[in-house]
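Peer 1: What follows is each chain in one-letter form.
4 protein chains.
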Amino acid sequence: MTTENARHRLALDLPDRPGLLAEVAAWIRDHGGDIASAQHHVEGGRLYLRFCFASATPRERLRAELATLAGGLRAQVRLNDPDAPARVVALVSKEGHCLYDLLARQADGDFPFVIPCVISNHETHRRVVEAHGIPFHHVPVTADTKPAAMARIRALFAEARGDVMVLARYMQVLDAATCEALAGRILNIHHAFLPSFPGAKPYHQAHAKGVKLVGATCHFVTAELDAGPIVEQDVIRVDHADGPEAMARRGRDIEVTVLARGLRSLVEDRVFLAGQRTVVFR
Amino acid sequence: MTTENARHRLALDLPDRPGLLAEVAAWIRDHGGDIASAQHHVEGGRLYLRFCFASATPRERLRAELATLAGGLRAQVRLNDPDAPARVVALVSKEGHCLYDLLARQADGDFPFVIPCVISNHETHRRVVEAHGIPFHHVPVTADTKPAAMARIRALFAEARGDVMVLARYMQVLDAATCEALAGRILNIHHAFLPSFPGAKPYHQAHAKGVKLVGATCHFVTAELDAGPIVEQDVIRVDHADGPEAMARRGRDIEVTVLARGLRSLVEDRVFLAGQRTVVFR
Amino acid sequence: MTTENARHRLALDLPDRPGLLAEVAAWIRDHGGDIASAQHHVEGGRLYLRFCFASATPRERLRAELATLAGGLRAQVRLNDPDAPARVVALVSKEGHCLYDLLARQADGDFPFVIPCVISNHETHRRVVEAHGIPFHHVPVTADTKPAAMARIRALFAEARGDVMVLARYMQVLDAATCEALAGRILNIHHAFLPSFPGAKPYHQAHAKGVKLVGATCHFVTAELDAGPIVEQDVIRVDHADGPEAMARRGRDIEVTVLARGLRSLVEDRVFLAGQRTVVFR
Amino acid sequence: MTTENARHRLALDLPDRPGLLAEVAAWIRDHGGDIASAQHHVEGGRLYLRFCFASATPRERLRAELATLAGGLRAQVRLNDPDAPARVVALVSKEGHCLYDLLARQADGDFPFVIPCVISNHETHRRVVEAHGIPFHHVPVTADTKPAAMARIRALFAEARGDVMVLARYMQVLDAATCEALAGRILNIHHAFLPSFPGAKPYHQAHAKGVKLVGATCHFVTAELDAGPIVEQDVIRVDHADGPEAMARRGRDIEVTVLARGLRSLVEDRVFLAGQRTVVFR
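Chains as they are written, first to last, in my numbering: chain F, 3 to 284; chain A, 3 to 284; chain P, 3 to 284; chain D, 3 to 284.
If you're looking for bench data, these hints aren't it; they were derived computationally from the structure.
Careful, some of the hints might be misleading.
For chains that are exact copies, the list does not tell them apart, and a pair is met inside one copy or across any two.
[Stated by the list, open to error] Only pairs whose alpha carbons sit at most 16 angstroms apart, straight line, appear in this in silico EDC-like list of lysine to aspartate or glutamate: (1) K96 with D112; (2) K96 with D177; (3) K148 with D177; (4) K96 with D18; (5) K96 with E62; (6) K96 with D110; (7) K96 with D228; (8) K211 with D146; (9) K203 with E247; (10) K211 with D228; (11) K203 with E161; (12) K203 with D85; (13) K211 with E45; (14) K203 with D83; (15) K211 with D85; (16) K148 with D32; (17) K211 with D244; (18) K148 with D165; (19) K211 with E226; (20) K148 with E270; (21) K211 with E247; (22) K148 with D110; (23) K211 with D241.
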């Protein structure tokens with residue numbers, strides 16, 4: 003990989019048949035591409051591919067020619083600059099740990115993303131968000147104002163040219179219109195190892211059941227609460243001495259990392275929807 | 003701790019009130035006891051205590067005097083020799099990994115237990131079990147013979163003077179009579195992170211749901227399938243490339259360790275039932 | 003535990019002999035104490051005890067009478083209010099992830115501590131620190147100014163009435179004077195699983211060696227670099243595809259949690275020094 | 003993949019240049035291959051590839067034509083039947099847990115391998131090994147007989163047509179002749195997280211240092227003790243209450259799984275040597 007060549011990230015999702023890997027790899031070679039990484043998965047009759055490669059061919063020309071290839075293969079394709087930051091709009095309520103972690107990751111340049119704005123139904127975190135130089139929008143939600151609030155959130159997302167919406171412990175259920183408008187682009191962090199303990203107060207449910215580990219799940223948001231395809235999960239050990247509050251305290255550490263890992267996978271084009279399941283390349 | 007003193011393990015479960023720890027610790031001191039470890043938990047108005055101590059007082063005299071103390075405190079007490087092996091009757095079907103692990107632990111002296119006999123509805127593992135010098139009983143189970151088979155299992159357990167029964171991947175549901183007769187003494191290993199995926203084919207359920215970790219749960223057996231109090235759990239990471247068979251293969255490693263840890267906790271008097279939950283001292 | 007009773011946390015470190023638990027538990031009972039948790043460890047001829055209890059006896063009177071008890075037992079004792087926040091002075095350089103995590107935990111009330119000030123050899127994090135309402139002190143360090151800078155840090159710590167100093171990825175080695183003055187009160191986070199890979203560039207060392215997990219270690223700071231007693235550790239899986247930068251990115255998540263857990267244990271009086279080892283009650 | 007097609011597993015290690023993936027994938031396609039999985043890694047100027055594919059072309063013809071391809075690419079190639087069991091000769095001393103686990107995995111068909119014989123410097127495990135229908139060879143080792151014993155081991159390995167030798171807690175250091183003769187084919191399990199605590203009594207070293215996790219490492223055996231390239235590692239949590247014996251007891255569970263995972267990776271052609279490091283495809 004010579005330094006003057008730009009880096010490209012290519013993701014494809016297409017109907018499987020013999021010879022496809024050769025065909026796509028040849029296309030990359032024929033466009034001057036030098037492959038740094040290649041990932042491959044076959045499931046349910048579909049082939050999922052992800053490549054990082056360097057090439058002197060301009061990205062726009064690659065995109066144009068890729069459209070032709072994709073048409074022939076009936077493939078869904080994404081070609082992106084691996085250094086271009088995704089625009090991640092964060093929604094939060096009062097608990098700040100997931101939001102603060104995302105702010106720290108943006109500040110540290112942990113992976114390529116920016117937070118163009120933060121939206122909250124509370125004023126709690128305005129000061130810190132603004133200290134990061136990020137606009138903060140207070141959008142209160144009540145039973146009466148919910149449709150208007152949701153429309154406002156969609157508008158703010160559009161104004162911010164958001165790529166992804168992250169519910170970083172946002173304690174309101176999004177309405178169906180928002181779920182549909184941004185299908186495949188909204189991630190939630192749920193503080194349980196789904197499918198166990200969906201809905202409210204999962205740590206209380208976990209304590210009553212007496213589980214020995216508590217979990218966190220990053221999943222796509224769909225109209226059905228806490229039931230969208232799972233992107234990332236993790237657990238942490240608890241014991242009998244941990245009441246629901248102690249479980250919540252221990253669990254926050256994995257909520258933070260599970261959300262961040264799921265988000266990173268999504269913005270780095272590692273995630274593919276495969277029915278109710280996801281393919282997530284490491 | 004002088005070497006001539008015997009070691010004792012004391013477990014108590016009693017209604018909590020101020021001053022109990024002082025009272026029990028004083029009782030140990032007044033019987034010449036030197037405490038090596040003490041564990042303490044309060045939950046739901048009850049106090050759970052576990053002590054290991056050395057004392058020159060004969061165990062039988064300690065037991066007699068402890069009965070008096072326990073009566074006054076309305077306590078359930080156990081006083082055991084930490085070096086005396088528990089008698090663990092293992093039930094198994096065709097999959098041998100949990101059984102073979104228990105055989106290896108007995109051979110290695112991993113923790114104080116012996117397997118006085120193995121019971122199976124298949125002949126698969128007779129040869130290896132007998133090579134360990136352990137009697138093997140083949141008790142076939144069909145819909146018609148189930149009550150008789152269950153009675154036979156209870157009789158074998160009694161003949162073997164079993165303390166604990168372990169279902170080491172035993173693919174038959176025990177009947178209510180057995181569950182009741184041995185309540186609090188039967189452990190099962192379920193190949194899922196309960197309460198997710200109880201019942202049949204949990205790895206297939208886990209694959210369909212697309213979870214990113216699969217689990218194993220060691221729990222007490224009760225009349226309700228896979229719903230008894232949980233003693234130990236663990237999980238292992240899987241990814242989209244793992245079909246149900248690969249999940250099963252990865253999961254077997256944690257089935258083995260979760261069952262062994264749960265069993266060790268039980269036979270070392272570390273486990274207390276607290277309603278639907280368990281207290282498990284480390 | 004009645005609600006009008008104050009909560010107290012008692013930690014003792016004393017020469018072991020039979021009967022001590024009874025004696026200390028009786029002392030708590032005789033001062034109206036109702037024990038919520040008790041922890042006990044014997045090692046190297048010493049007994050380590052930690053109690054949380056509720057009592058109507060004023061804390062100052064408990065402290066005075068405890069001094070008498072401690073004298074008789076030759077015990078080191080600490081009696082604290084479990085709700086009183088420890089004052090944790092944070093030192094940081096350019097990488098902000100550990101600092102931001104501590105700021106988030108203080109904001110969320112994760113465990114009882116406050117950050118009275120942040121000290122850094124760079125200006126990088128001033129704005130966010132001040133947005134949290136916390137004073138930020140820029141203390142540059144060069145080879146020439148090091149003694150003066152260290153003295154300034156000790157002075158700032160004293161002015162802030164610090165209980166604990168945390169090196170939250172602070173890239174300067176503290177001088178011997180500071181290590182001695184604050185012995186047992188300074189925690190560092192090292193980005194490796196000590197004793198592997200002390201010193202500079204541990205992720206590069208780890209990559210060259212080809213380890214399959216990278217670690218983080220929270221330890222007491224002593225005059226010998228990265229060799230103080232270990233308080234907490236954790237690891238995360240990496241693979242051949244992770245270069246040193248990817249290892250660093252994965253490792254940051256455990257640096258954050260390991261430091262936070264170590265700090266929480268210390269400020270909650272869960273940590274005891276036992277020679278080169280530590281006792282850390284859960 | 004049609005059912006009449008045989009499955010093949012192809013591993014390549016070659017000097018990297020642009021276009022290689024296309025070339026190899028085209029070769030597979032041109033030989034009727036339908037790719038089920040493809041793995042790819044570039045490091046240090048070399049490309050590592052692993053494919054599972056189905057093809058009606060006979061394996062011997064594939065092998066012959068692959069030799070031509072490999073010559074042109076200066077590649078090291080392996081083409082194997084994924085269902086053909088590797089022949090794994092196990093060496094063991096007195097502690098049986100790793101051996102018993104391997105016996106159980108062979109019996110259960112956990113992954114494709116057979117144990118053609120077990121070699122030990124003690125008679126301890128003869129009975130159980132023979133109950134599995136496996137020949138057991140007692141080869142005592144003393145300082146005087148070591149060269150002869152090592153030659154005997156190499157001869158037994160050759161007679162058994164061994165592919166891989168596994169030191170399943172074998173407490174003798176192999177001599178240089180054996181290390182060289184079987185370079186890249188001998189795996190050891192060391193009961194520590196290397197590079198920490200090589201050599202004797204690692205759990206005692208770990209206890210003295212006060213680490214909070216103990217580890218196990220599966221590595222290739224080279225002439226330098228415990229310093230060969232690492233294939234797999236894992237850790238388990240311990241605490242201050244665990245003496246060296248308790249650490250050893252907790253550690254045995256990861257010794258077992260780390261060795262089994264390392265062995266499985268090796269026999270499934272997932273492992274490539276890359277200098278002092280290894281590439282291990284999942």
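Peer 1: Against each hint, give a clear statement of whether it holds in the structure.
Peer 2: Here is what the structure says about each hint:
Proximity of K96 and D112 under a CA criterion of 16 angstroms is satisfied inter-copy only: 13 angstroms between copies versus 24 angstroms inside one chain copy. With identical chains, the CA atoms of K96 and D177 are never at most 16 angstroms apart, being 20 angstroms at best within one copy and 41 angstroms at best between copies. When the C-alpha separation of K148 and D177 is checked against a cutoff of 16 angstroms, the pair qualifies only within one copy, where the shortest distance is 8 angstroms, while the shortest distance between copies is 53 angstroms. For the homomeric pair K96 and D18, neither the shortest alpha-carbon distance inside one copy (46 angstroms) nor that between copies (37 angstroms) is at most 16 angstroms.
Proximity of K96 and E62 under a CA criterion of 16 angstroms is satisfied in neither setting, with 43 angstroms inside one chain copy and 37 angstroms between copies. Taking the closest pair of Cα atoms, K96 and D110 come within 16 angstroms of each other only across two copies (9 angstroms); inside a single copy the shortest separation is 24 angstroms, beyond that limit. Neither within a single protomer nor between protomers do K96 and D228 lie at most 16 angstroms apart by alpha-carbon distance, with minima of 20 angstroms and 37 angstroms respectively. In the homo-oligomer, the alpha carbons of K211 and D146 never lie at most 16 angstroms apart, since the shortest distance is 36 angstroms inside one protomer and 35 angstroms across protomers.
Taking the shortest alpha-carbon separations for K203 and E247, only the intra-copy value of 11 angstroms comes in at or below 16 angstroms, while the best inter-copy value is 34 angstroms. With identical chains, the CA atoms of K211 and D228 are at most 16 angstroms apart between copies only, with a shortest distance of 12 angstroms across copies and 19 angstroms within one. For the homomeric pair K203 and E161, neither the shortest alpha-carbon distance inside one copy (34 angstroms) nor that between copies (42 angstroms) is at most 16 angstroms. For the homomeric pair K203 and D85, neither the shortest alpha-carbon distance inside one copy (39 angstroms) nor that between copies (25 angstroms) is at most 16 angstroms.
Taking the shortest Cα distances, K211 and E45 sit within 16 angstroms of each other only across copies (14 angstroms), while inside one copy they are farther apart (35 angstroms). In this assembly of identical chains, K203 and D83 lie within 16 angstroms of each other by CA distance neither inside one copy nor across copies; the values are 40 angstroms within and 29 angstroms between. Taking the shortest alpha-carbon separations for K211 and D85, neither the intra-copy value of 45 angstroms nor the inter-copy value of 29 angstroms comes in at or below 16 angstroms. Taking identical chains as interchangeable, the C-alpha atoms of K148 and D32 are never at most 16 angstroms apart, the minima being 53 angstroms within one chain and 58 angstroms between chains.
Proximity of K211 and D244 under a CA criterion of 16 angstroms is satisfied intra-copy only: 13 angstroms inside one chain copy versus 29 angstroms between copies. Taking the closest pair of Cα atoms, K148 and D165 never come within 16 angstroms of each other, the shortest separation being 23 angstroms inside a single copy and 47 angstroms across copies. Proximity of K211 and E226 under a CA criterion of 16 angstroms is satisfied inter-copy only: 14 angstroms between copies versus 24 angstroms inside one chain copy. Within a single copy, K148 and E270 get their C-alpha atoms no closer than 32 angstroms, and across copies no closer than 43 angstroms, so neither meets the 16 angstroms cut-off.
Taking the closest pair of Cα atoms, K211 and E247 come within 16 angstroms of each other only inside a single copy of the chain (15 angstroms); across copies the shortest separation is 28 angstroms, beyond that limit. In this assembly of identical chains, the alpha carbons of K148 and D110 never lie at most 16 angstroms apart, being 35 angstroms within a copy and 27 angstroms across copies at closest. In this homomeric assembly, K211 and D241 come within 16 angstroms of each other (Cα to Cα) only inside a single copy, at 12 angstroms, whereas the closest approach across copies is 27 angstroms.
In terms of the numbered hints stated before, the structure departs from hints 2, 4, 5, 7, 8, 11, 12, 14, 15, 16, 18, 20 and 22, listed from lowest to highest.
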